[in-house]
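Dock chain one against chain two, each of which comes alone in its own frame, and use the hints as you go.
Which chain is which? The protein sequence lines are A and B, in order.
According to the numbering used here, the first sequence holds residues 6 to 433 in order.
According to the numbering used here, the second sequence holds residues 780 to 1309 in order.
These are computed hints drawn from the structure, not numbers from a lab.
The reader is advised that the hints may include incorrect statements.
Stated by the list, open to error - Listed below are the simulated DSBU-like cross-link pairs for lysine-lysine, each with C-alpha atoms no more than 35 Å apart in a straight line: (1) A/K25 <-> A/K201; (2) B/K853 <-> A/K126; (3) B/K1266 <-> B/K1278; (4) B/K1143 <-> A/K45; (5) B/K1105 <-> B/K1269; (6) A/K126 <-> A/K25; (7) B/K781 <-> A/K45; (8) B/K1143 <-> B/K1105; (9) B/K1105 <-> B/K929; (10) B/K1266 <-> A/K394; (11) A/K394 <-> A/K339; (12) B/K1143 <-> B/K1304; (13) A/K339 <-> B/K1266; (14) B/K1270 <-> B/K1143; (15) B/K781 <-> A/K126; (16) A/K394 <-> B/K1143; (17) B/K853 <-> A/K25; (18) B/K921 <-> B/K853.
Model, not experiment: these values are computed from the prediction.
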Amino acid sequence: MTESFTPPPAAGCRDTPVLKERGQREVFCGLTGIIWLHRKMQDAFFLVVGSRTCAHLLQSAAGVMIFAEPRFGTAILEEGDLAGLADAQEELEREVERLLDRRPDIRQLFLVGSCPSEVIKLDLSRAAERLTQRHAPRVRVLNYSGSGIETTFTEGEDACLASMVPVLPETDRRQLMLVGALPDVVEDQALDLLEKLGVGPVTVLPAARASDQVAVGPNTVVALTQPFLGETLSALERRGARHLAAPFPFGEEGTTAWLRAVAQEFGVSEERFEEVTAAPRARARRAVAQAAETLNRRSLFFFPDSQLEIPLARFLTRECGMEAVEVGAPYINKQVVAPDLDLLAEGPVISEGQDVDLQLDRCRAARPDLTVCGLGLANPLEAEGLTTKWAIELVFTPVHFYEQAGDLAGLFSRPIRRHDLLKLEAAE
Amino acid sequence: MKLSVWTYEGPPHVGAMRVATGMTDLHYVLHAPQGDTYADLLFTMIERRDHRPPVTYTTFQARDLGSDTADLFKTACEDAYARFQPQAMIVGASCTAELIQDDPGGMAETMGMPIPIVPLELPSYQRKENFGCDETFFQLVKALARPVEKTEAITANLIGPTALGFRHRDDITEVTRHLEEMGVGVNVVGPMGATPEDLTRLGAAHFNVLMYPETAESAARWMERELGLPFTKTVPIGVGATRDFLEEVSGITGLPVRTDESRLRLPWYSASVDSTYLTGKRVFLFGDGTHVAAAARIARDEMGFEVVGLGCYNREQARNIRRVAKDYGVEATITDDYLEVEAAIEAAAPEMILGTQMERHIGKRLGIPCAVISAPVHVQDFPARYAPQMGFEGANVIFDTWVHPLVMGLEEHLLHMFREDFEFHDEAGPSHHAAHAPAPRPAEPAHEGGAAPRPAAPDSPRDISTQEEGPAAAGGIEIVWRPAAEKELKKIPFFVRGKAKRNTEAFARERGVAEIDVDTLYEAKAHYAR
Chain A
6 MTESFTPPPA
16 AGCRDTPVLK
26 ERGQREVFCG
36 LTGIIWLHRK
46 MQDAFFLVVG
56 SRTCAHLLQS
66 AAGVMIFAEP
76 RFGTAILEEG
86 DLAGLADAQE
96 ELEREVERLL
106 DRRPDIRQLF
116 LVGSCPSEVI
126 KLDLSRAAER
136 LTQRHAPRVR
146 VLNYSGSGIE
156 TTFTEGEDAC
166 LASMVPVLPE
176 TDRRQLMLVG
186 ALPDVVEDQA
196 LDLLEKLGVG
206 PVTVLPAARA
216 SDQVAVGPNT
226 VVALTQPFLG
236 ETLSALERRG
246 ARHLAAPFPF
256 GEEGTTAWLR
266 AVAQEFGVSE
276 ERFEEVTAAP
286 RARARRAVAQ
296 AAETLNRRSL
306 FFFPDSQLEI
316 PLARFLTREC
326 GMEAVEVGAP
336 YINKQVVAPD
346 LDLLAEGPVI
356 SEGQDVDLQL
366 DRCRAARPDL
376 TVCGLGLANP
386 LEAEGLTTKW
396 AIELVFTPVH
406 FYEQAGDLAG
416 LFSRPIRRHD
426 LLKLEAAE
Chain B
780 MKLSVWTYEG
790 PPHVGAMRVA
800 TGMTDLHYVL
810 HAPQGDTYAD
820 LLFTMIERRD
830 HRPPVTYTTF
840 QARDLGSDTA
850 DLFKTACEDA
860 YARFQPQAMI
870 VGASCTAELI
880 QDDPGGMAET
890 MGMPIPIVPL
900 ELPSYQRKEN
910 FGCDETFFQL
920 VKALARPVEK
930 TEAITANLIG
940 PTALGFRHRD
950 DITEVTRHLE
960 EMGVGVNVVG
970 PMGATPEDLT
980 RLGAAHFNVL
990 MYPETAESAA
1000 RWMERELGLP
1010 FTKTVPIGVG
1020 ATRDFLEEVS
1030 GITGLPVRTD
1040 ESRLRLPWYS
1050 ASVDSTYLTG
1060 KRVFLFGDGT
1070 HVAAAARIAR
1080 DEMGFEVVGL
1090 GCYNREQARN
1100 IRRVAKDYGV
1110 EATITDDYLE
1120 VEAAIEAAAP
1130 EMILGTQMER
1140 HIGKRLGIPC
1150 AVISAPVHVQ
1160 DFPARYAPQM
1170 GFEGANVIFD
1180 TWVHPLVMGL
1190 EEHLLHMFRE
1200 DFEFHDEAGP
1210 SHHAAHAPAP
1220 RPAEPAHEGG
1230 AAPRPAAPDS
1240 PRDISTQEEG
1250 PAAAGGIEIV
1260 WRPAAEKELK
1270 KIPFFVRGKA
1280 KRNTEAFARE
1290 RGVAEIDVDT
1300 LYEAKAHYAR
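This is chain B alone, in the form it adopts within the complex (with noise of 0.2 Å):
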């Protein structure tokens, strides 16, 4: 067992509904209890769609649990074809139902349903969503797809997109515009948009874009295998990723590389001088491998950030993180325990973090602003207006999005020259963010006297992980501030005053001084100083 206050994922189950809710004409009969079928609120709530998903719920109550839960299955299946009429349907079960082992895959095929019938085994105890949709898009692409002509024009599949994606909606957008000014047609969009009578005509396309490795990859594999489709390997998230993008492209279908650059402005943006007070921010990463890997370098390479720490809850994508975050010398966090982000981001001590839905709420609890990179997210990550993340136009919704939260230059500077005003200091937050202004930090070790153990908050959810912190914790030396020192520390602007506290004490640690003055703070800074 394991406690768990948040889940990144959901369970496989409900990825299988992110390919079925996205496609239409094809229904998914799932065996689940009586009460799973709050996830259709995930689609007609955070998604706002306007139809109810595609998913008849066999919803067994304990007193079918006799004998009858299979027959239930089979009346379930039946009702919805008739009602629905699809052109193919999926079948599985949630958690509960892989319990009572009824395999509604065997007994659908038995059925002698007049469509193919796809039948799904997601194991809910060991994997998670973004398998679930790789997993189901893969086994509909292995049952519908056949090896047929290519179309005369050079086409691309976009696969990958589902319902209740972050972005995917506006992504497929951009990334069609992109491959329309090379050149190349797209033949089918899926699951998002596709019936199953679109996945068996996916072999005429040219080549496949992987649009998003998570939910797609093991259909790109396989289509490359059994169809000879060539797949793409980078991610067009960022500028940089983009132009890589269309060579990748140019080098599959041997087409130049032509592009509409008129209409990219981060390059500039954030070549401005405004833009200067964000060299060397300090940000951490969080999400998904795929959006973590990209941010990654545009946070390094394109906004001129420094990434601090960065990692992914997918473990399908560790390999990929280990490799990104080695190249950006830090330590990757692989993890699915929210209080292990939380405390990785506490030790990072970033000015910035880009995240899910949940390093929202870290943030927000340690006074860091925050900005959405990657599902899991909220209703107002499903905007009505265009925001792709992909392409030209993804660039420049990026470049607003996280310079938005950040406290603008003029503004620094006057925090840092002037300390002492009523209404524009540091617990204020930036000041265009009046109602979401973060909440204060919590009383710093510092202003108690050193390492003196944070007062416990006991309805904290923070006190559920980990105990030991501050400084205390990790080195064997009672680090004490003097009070002159503590006092000088609180000048230093709240957005960097972590990264400086710790620095100091490390400084500290290192020589053995066990009591900070502020010749140590500035002696620790000239050292730290680049």
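Extracted from the complex, chain A is given alone in its bound form (with noise of 0.2 Å):
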């Protein structure tokens, strides 16, 4: 049944040794989460509660965004805030309550921390308790924490939706609850493969509205769609949830593995589960065969970024025939991780956290032929000759899933076809 695969590795990467570096991190901070979370749910509004520079932050990586719709922004901190902390929590208030008269739509309202409110100590959670029984119960206030000294890039997200986990409704049903913000496009693809499949009842969290009923439960099982929601699994694990564990939904494998794992856990028959699949399956495979041309033997390193590093390596190696050099991720959750790292064969250096300027010296020394990295790093990496898919795209694009599968490869053969296709330097 999985003949098309390459055959599982002999040895993964499971219990290989993570080299696990402290140093200077050129990765995002946990407050970006915000730019595609504000998107997919309508109704909620992200209110930060930082400095100039978490402002300045959100606009630079929100670019042109921030003028549709935005809902999100900054609570600035002033001096004054910082003298007295009783003046901040009314300061607060009153900011909120002004929020809350313009903006009649909002439903939901996240006080996201920052590094300066941490640090200080701003009682977030306390606000939000008490602006939640003031607007109760048009408006529910919940708070989390996206800030750089807790929290990176796609962690914000994970401390988004934990932070919604407590006041989910109980039930008892049994129920499949996928994990994790998704294009609207993906999200429709898997309820529809699932329910193809006969499984029933699928809760989204999140969901793109408060009024959508999300409820958790000790019959609820949950499959996550990213890797970086440790968290969140936890406080459904402490609601009564069930993990099932599986590897991502990247890939033609990818996919079929994770939806495997839900199709055996809800009782489908294999007759049926390839009658759904195997259409799909071929499709993606073609689509996967022509951006693999390209990608087959390339050598592939990835810096820390969004904890992805590791299911996307997995599918670079086994489905495009890349050979990666190292895997950088900057947490690496094994209870998540582990059917990745299963899949992917021993060989290379699996690194957790970041010392930059080290990190930077093993890429040039190892040269490879694809380097996935933040933007502060792409353009200086190009330069000194080495090709660059830059990391942030992986998020900001439908990747998951069957149908996404050749985009997915694409995003990494693009680079490389470009720097072959440009003619400049026989041009000079």
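What follows is the structure, given as structure tokens:
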């Protein structure tokens, strides 16, 4: 049944010693999660309590989007707020009051902690409770931290979703819960596949609106669609839900393995599974094959960014024929990525954390054919003659499940094709 | 606390980064939490630099907050020195590090580094990016510049250009060329392109050209006092300003003004009959103080526009901008609140906005053409081509840039004459910008019968700002447009319709007229005609 796949490696990377580094980390903080979360959650507003730096980060990261109905803002701390904390609480309540008056469409308000607010220990959870009391039932106010000192990039989404779990209603219903903010089109495809398999009922966290009923309880089975959701998973487990371990749904193999785990849990017959997945699997294979021609036998180096690195390295090595040199992740949650590590053949350095200068030394020494890194490193590495794929795009493009498998491979082949296409050096 | 969706300036440590990144052989050790490295991509992406900014961040995390953040900083300093071997270092804190009070400056001084270490005090909760630039450059100059023997030939320093500066790269080239034409050499350009060693030779120049007061005025004043270097007060943006600047240089050096005007095209372009329709175009100006003051003069004296509003976001320039505004008979908008700027623009109802990246979006929302004259700017305003703002070529660039967003002359006439064309109509915008046509204006109150409140657009960011809009809010009387007058109003071309509507309503209110008919409209038109 899995004849099309590369056979699983004799020894995967599950027990490979992880290179743990501390030093300068060239990563985003968790506030950046707001950029995609506010588009996903239609009636939520994200109010960062932080400094001008936080506001500057958001607008630099959000680019043009900030003008198209931004449902986020920054309450910038000023001198006065640092002097007296009691005042800061009042100030915050006043700002929220003004905001909610003007935005009657808001049903969920997230007070998002930042480095400054965490360091001065501004008690946002108490503020959230008080504000919930005041604005119930119209608006629910929650809080989480997206600070750089606690969260890295996608962990902001984890912290946000985890903050919602304790207030979800209780249910005994046997159900599948998909966790992770996916692009709408991808979410629809996933739900469609699950429906065809006869798996249901299915709920999705986060839902598009606060009014969409998402409940949790002891008969809830959780399938993560993103690898960076460890905290949310723990919070759901505390509510009695059970984790369904699976590789992440990237590429044909990843999607099939992910779906198979769900299918087995819900007693779907092998015939039905084949019937539903055969056509999309063939399609995905064909789509990946085109990009794989470019990627085959090329070496690959991942700088840490989003925790998507391990599942994507698995996809690129197994389905596109690439050879991983180093797979760096900001944080490795073994419970969550073990199935992917099992499928990743031994060989690459698996690193967690970062000392960017040392990692750059390793990268330059290896001279990989493709380096996946952030925008702070991409152009400098290109100028050194290394081809790069900037990592943020992987979070801002539909990449999950069968129909996006070809696009996902294409994201990695494009810089290499471009490099081969441009004849600039010859022209000089 | 202050609610903000857009900030015109970053925090002051970004200003310090702009100085460090502009220079070479200078390294910046910044005590900052994990995540603050986002600022690198301002330089690697927006400015497309091909190397990493010379900044080492300590990137501390929550688990470091116990006691060892100070050690972390020391290690970062030592590693940075060992790896990069800079001629000098600057050290400082970001907003979060400011709170934990590790005193980077004090620590660095005790480390016995063999190079000059310049500590920076940048109050993140009071000041902003431009202050950060100015203060950092000032501290560097103060630490490094010493009285030295003057160059034999007459030379000047160009001070102020930094990394991430709006057109700084090409302004340097243009100003250098103008100085060369007068026989003045360039001693040091800084911060952009200078090494710390270069800064020690600043005193060898005969005077300073202060290109951007925002980023180097403190250093210019210090050098005037301590090294006896006079500095130029005129920023050569625009034809008149460039000529004044050359006069000023002549006054300082005793050299006669010599310049090659053959490459200057703005005066002829602006005088040519095709530009007649630019006369009295109502423009609103916003940006940093220097660029706004320069643009106001060009707009009025060199393009024949009418300045209907102006302002700046950097309070350091507030006094100057208020003086300029007075000269132009308008109220200065001094604010860093984007929503206030939007309100001011809406109230002034200009035909064109000259502003920053943010004003572009205000213009887009209001359907008003816009050109960018000042930072903050995005990647498209760090162009590959030569595109200075200063000097004669800068004037040429400015003419093209400002005229481009406007509907061209003949098109404007045709719009005025025939209104019913199905593809060539008001809302279509200038026909040479098909892809960027301004969004259709939101339904104007007039369409719905006078002072009806504008329907709430719940998702529009404008909601965060002013609630009361429309004529009813301003005066006591409820003004109603009669259908015929409303129809007549629509016949006025869209770029002046807002103004016509406001004028008519003001006219009616003054006379206590509650209902506007066609006659009122034309009475008002005659009243305001000049």
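Against the structure, the hints:
no.	hint	result
1	A/K25 <-> A/K201	violated (43 Å)
2	B/K853 <-> A/K126	holds (26 Å)
3	B/K1266 <-> B/K1278	holds (16 Å)
4	B/K1143 <-> A/K45	holds (25 Å)
5	B/K1105 <-> B/K1269	holds (34 Å)
6	A/K126 <-> A/K25	holds (29 Å)
7	B/K781 <-> A/K45	holds (26 Å)
8	B/K1143 <-> B/K1105	holds (28 Å)
9	B/K1105 <-> B/K929	violated (41 Å)
10	B/K1266 <-> A/K394	violated (56 Å)
11	A/K394 <-> A/K339	holds (26 Å)
12	B/K1143 <-> B/K1304	holds (28 Å)
13	A/K339 <-> B/K1266	violated (69 Å)
14	B/K1270 <-> B/K1143	holds (22 Å)
15	B/K781 <-> A/K126	holds (19 Å)
16	A/K394 <-> B/K1143	holds (32 Å)
17	B/K853 <-> A/K25	holds (21 Å)
18	B/K921 <-> B/K853	holds (24 Å)
Consistency note: the structure conflicts with the earlier hints numbered 1, 9, 10 and 13.
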